[in-house]
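Protein sequences, first through last, are from chains H and Z.
Position 95 of the first sequence, counted from 1, bears residue number 95 in the numbering used here, the numbering being contiguous throughout.
Position 103 of the second sequence, counted from 1, bears residue number 286 in the numbering used here, the numbering being contiguous throughout.
Simulated from the structure, these hints should not be mistaken for laboratory data.
The beta carbon of each residue, even a glycine, is placed where N, CA and C say it ideally should be.
Certain hints may be false.
Non-contacting residues of chain H with respect to chain Z, defined by C-beta distances greater than 10 Å in every case (computed) [said to hold, decoys possible]: (1) Arg43; (2) Asp52; (3) Ser64; (4) Phe69; (5) Ser106; (6) Asp119; (7) Glu156; (8) Ala159.
Pairwise CB distance ranges (calculated) [as the list claims (entries may be wrong)]: (9) Z:Ala213 x H:Glu155: 51 to 59 Å; (10) H:Glu79 x Z:Arg223: 51 to 59 Å; (11) Z:Glu284 x H:Asp17: 36 to 44 Å; (12) Z:Trp203 x H:Gly129: 22 to 30 Å; (13) H:Ala37 x Z:Val264: 46 to 54 Å.
There are 2 protein chains.
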Amino acid sequence: MTTQALIVIDVQKAIDDPKWGRRGQPETEANIGRLLAAWRARRLPVIHIRHDSTDPSSPYRPGSEGNDFKSEVEPILGEPVVDKRTNSAFIGTDLMDVLDELQVRSLVVTGVLLENSVDATVRMAAGLGFEVLIPEDAVASTDRTDRSGKAWSAEEVHALFLAVLDGEYARITTADAAIEALP
Amino acid sequence: MTTQALIVIDVQKAIDDPKWGRRGQPETEANIGRLLAAWRARRLPVIHIRHDSTDPSSPYRPGSEGNDFKSEVEPILGEPVVDKRTNSAFIGTDLMDVLDELQVRSLVVTGVLLENSVDATVRMAAGLGFEVLIPEDAVASTDRTDRSGKAWSAEEVHALFLAVLDGEYARITTADAAIEALP
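Could you put the whole structure together from the sequences, leaning on the hints where they help?
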């Protein structure tokens with residue numbers, strides 16, 4: 001059985017800022033908490049991705065309270081924290097070295113936002129040859145308005161982005177199923 | 184003014200295979216043809232991305248007729264052709280070297296499919312620091328069915344994916360506007 005690493009992307013206080021618009025999938029943080037507990041109980045690798053925005057007006061900028069991890073996902077001693085500045089956790093970071101060191105080729109990817117940093121990271125992970133699983137109830141999306149002014153709910157964004165990633169880049173699962181499949 | 188390279192992604196005969204489902208934006212190939220003519224007339228850099236699928240059942244596999252470029256976008260002498268095997272044109276290829284050699288930091292990205300290789304390539308390009316423009320009438324999407332069985336038209340997929348890329352990863356434009364902006 002391949003070692004699966006649990007990856008938690010951008011679950012920082014900044015995600016609760018109203019500037020992102022309405023967010024869906026409110027169960028996400030609790031489900032990531034359950035995944036973290038299961039991974040930690042089995043001493044499996046957990047990697048935290050922290051977004052350090054270079055935009056001085058972003059709630060994700062380093063030094064602001066928004067940059068802190070949400071309480072449900074706070075790293076514990078020994079868990080690597082990878083700081084990123086772009087949407088993909090593989091660009092300008094040592095994530096690849098961390099995964100090589102752990103001999104990990106399979107990732108369970110969770111966090112926010114599905115249509116943004118999760119998508120950018122998953123697409124690169126798949127291209128780099130990793131097996132990727134996405135628990136659909138441990139990633140969250142936001143409402144969007146398209147260029148014609150049409151509103152898309154976070155639930156619609158969630159459904160379409162998961163559909164596009166499914167098969168081509170990742171296997172879609174649930175937090176429960178990912179935990180049950182652990183050795 | 185920064186040199187803009189025109190990038191044409193995966194516009195090969197394979198894209199007309201019925202296995203991908205109904206495709207939208209039938210004007211895409213003609214608009215890419217117009218962009219190519221404008222770039223060539225000004226001797227600006229054009230880079231062709233060719234998908235060499237590693238899936239033996241894919242119409243994009245090398246050696247099959249589907250691997251050939253469509254007539255509207257056939258490279259001419261001197262234009263680099265970058266062969267890729269994953270969705271992103273930056274993974275496992277020399278695209279970065281080609282762009283560095285040309286001293287290009289701005290890309291006009293066209294081709295198929297918007298929600299697949301175009302999206303994966305644009306997200307990486309933005310993360311790697313390139314300015315990215317997407318002419319909305321020179322990229323194409325397909326119909327999709329989500330995991331609940333709900334059908335999404337190619338026009339809906341197009342609108343949502345452009346909305347998510349807009350601002351965060353790219354500026355959305357049109358083929359006409361991209362041509363008019365040329366020096």
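For each hint, the structure was consulted:
1. Arg43: 32 Å, holds
2. Asp52: The assertion about Asp52 of chain H holds, with a minimum of 14 Å to chain Z.
3. Ser64: Consistent with the label, Ser64 of chain H stays out of reach of chain Z, its closest Cβ about 20 Å off (over 10 Å).
4. Phe69: Non-interface label on Phe69 of chain H holds, nearest chain Z Cβ at 22 Å vs cutoff 10 Å.
5. Ser106: Non-interface label on Ser106 of chain H holds, nearest chain Z Cβ at 17 Å vs cutoff 10 Å.
6. Asp119: 7 Å, violated
7. Glu156: 8 Å, violated
8. Ala159: 4 Å, violated
9. Z:Ala213 x H:Glu155: 51 to 59 Å: The hinted range 51 to 59 Å is violated for Ala213 of chain Z and Glu155 of chain H, with Cβ atoms some 36 Å apart.
10. H:Glu79 x Z:Arg223: 51 to 59 Å: With Cβ atoms ~53 Å apart, the hint holds.
11. Z:Glu284 x H:Asp17: 36 to 44 Å: Given a distance of about 42 Å, which is inside 36 to 44 Å, the answer is holds.
12. Z:Trp203 x H:Gly129: 22 to 30 Å: Between Trp203 of chain Z and Gly129 of chain H, where Cβ atoms are some 24 Å apart, the hint holds.
13. H:Ala37 x Z:Val264: 46 to 54 Å: Given about 50 Å between the Cβ atoms, the range holds.
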